[in-house]
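Enquirer: Residue numbers (our numbering), protein chains in the order written: chain A, 1 to 426; chain B, 427 to 675.
Reference listing, derived: stretches of chain A covered by chain B, where coverage requires no fewer than 3 residues with Cβ under 8 Å from a Cβ of chain B:
1. 143 to 149
2. 341 to 350
3. 359 to 365
None of these hints come from the bench; they were simulated from the model. It should be emphasised that the depicted structure is a prediction, and the values quoted were computed from it without experimental measurement. Where is the CB? At the ideal position from N, CA and C, for every residue including glycine.
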Amino acid sequence: MGFSYVLPILIGKTLRVLARLRGGGSAFPGYAALRLAPRFLHEVASQFEHGVVFVLGSNGKSTTTHMLSEVLRAHGVRVFTNPSGANLPQGIASSLLAEVSLTGRLKADIAVLEVDEAYALEFTKVLRPSTVLMLNTQVDQLYRFYETERVADMMLDTSARATEHIVTNREDPYLSKIARRIVGDQPDVTYFGASAEVIASSPHGLFNATDYRDGESSSEEHVALGELRGLEGASATVAVRDSEIEIVLPAKGLHYAIDAAAALATAAVVLGEGFVDSAAQRAFERMKPAYGRGELLQFGDEQVEFVMFKNAASLQLNLDALPEPPEQVLLAIDEGTPDISWIYDIDFSGLDHVDVITGAKAWQIALRLEHEGIPIGRVEPDLRRAIDIMRSLPKPSRGIKTWVVNYEQMMLARKLIGFGELENQR
Amino acid sequence: MSALTIVQLYPDEMGVAGDAGNVLALSTRARRSGHATEVVRHEVGQELPANADIVVIGGGPMSAMRRIHADLMANAQTLKLWADSGVSFFAYGAGAELLSHGVTAGEAELSGVGVFPFRAERTGERVVGYLIVDSVDGPVVGFADHASRWLRNDSAESFGVVSAGVVPAGQAEGVIIGSAIATLIGGPVLPLNPDVTDAILSRALARRGETYSAGAGQEGLEEHRALDHYASEARAVIRRNAEHHFKRI
Ligand SMILES: [Zn+2]
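Generate the whole structure from the sequences, applying the supplied hints.
Expert: The structure is reproduced here in structure tokens:
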């Protein structure tokens, strides 16, 4: 790194300050820095002793990035990571700008980055990952990706560009077959997964997409370096190499447990012999629930449990993780999720009623639930009024109200009940 | 009397657009108006039932279309025969294209069953967003998400004409022939549009010599009231938001 980057970095940082003054974390400064010094990212990244990890997947990128970062930190590794959801190239460049010194120095040993699938391959040209972690391929955002296999290919092609390691999901029909595409022995391929018993005990399995283009539509069999062996509420047993680690998950659900297995396997690959079970375990003990994922927030003299979903798979696995039908439920979905055709593929029987349905798509959800015969209290598309209705309901016996929300409604609801947005919070 | 038989073709492969919702709307409304229903899921390698009253097929990726293609063609004669004898069809997206005269996607070509008088051509232009159509069975609202152009035979009757949304108004939408409907409106469309669902059920039950008392309107069935109310409110919101096009990210 040298002097040649001072000017672009300075400009980038200035733009960033200006953008912040205007409110909101604009990605434009990152874009400007990328334009002014196209080799900027590459140079910054070359300082990371443990390289750069890309985290890809239809679901669980933020959660897994967070878990992996925390496990590495518990090993004394300094981690740079992008804020949750800031996963486009400009956003990543922008967050690097915030941390980097004027001479381009960054005090971190590794970068763990969640990267949007659609930009990941192109992004490897400016920021070459040493390790690519692939989580899952789910039927998701078809309006954006057209066909699920296209998303799978975006991830598979990106992972093949890793300079050292690929960590992939053995239980994913598309992603488990990555080794077929690798010529030679670089990058090496490591698997994570869940035992057959754990998967069999899940009412709707893992909800990963079927690989229709292949003769074998299910996933390949492999030995997994990180394997989920047991799950009871938020307690999970994950085997890493030969030993079983008992961990506490930040939220209940099979998807979070598999994310944990993915994070542990990746940490073991990155750290090699340096991976220590007790450090990994400690990391999970300290981990706070992620934004909106099993998070409990104060609501008068009651508490609200946020259950956030992004697609069919996360909604189904969240519903499957409910120990019993929640006493008081708000269900919220808006235009932030443009196509909700998939609500007809969801088994809502984990709910025995819904008190309030809200968001611009409330009536469509009500229509879906009525088809399944699930009793509905009120439909109130306006979130503010819906929250007032929830407030007016008697206190549930456990004092906890359950709000099942899409990302946009989660952010808005948090704000409405007095919890601000922290950019680096996840 | 035997149950009203609804056959869903390849629900796993050709059902990614919530197409189970179309089956659910048909069976729920039929049952709530006192008609027993039986839903048959037809998978690759299975035999079709001897009779069907309604056939439903939905959307899926090209790889899924290829996967079921041989099985579908092996059953083409039966499906044609059913359509010719007045069995109701509700076909959406890629499934509808497989029941047409064929699909062209670049160099690739898949033959079709020939129930519907059109050919499908995959284009580079993706159409995504709410869509409102004046159909032969009344106004229809839904969500479009496809990259297809349907080339209708001269004699083919379209299902409707676009009135608002992501496709320019005035454009023809879908195909209807006899009791068979092919459309590119998803959502899925039947729960959202009880008039269409009721029209399909009326035709299917009439063919069996039964009468269907629809839930639409003020004198409608008590059992349909909640379904109709939610659907009508959902359509009103969609109508208001129809001009909102989704940006390609
Ligand atoms: Zn390494």
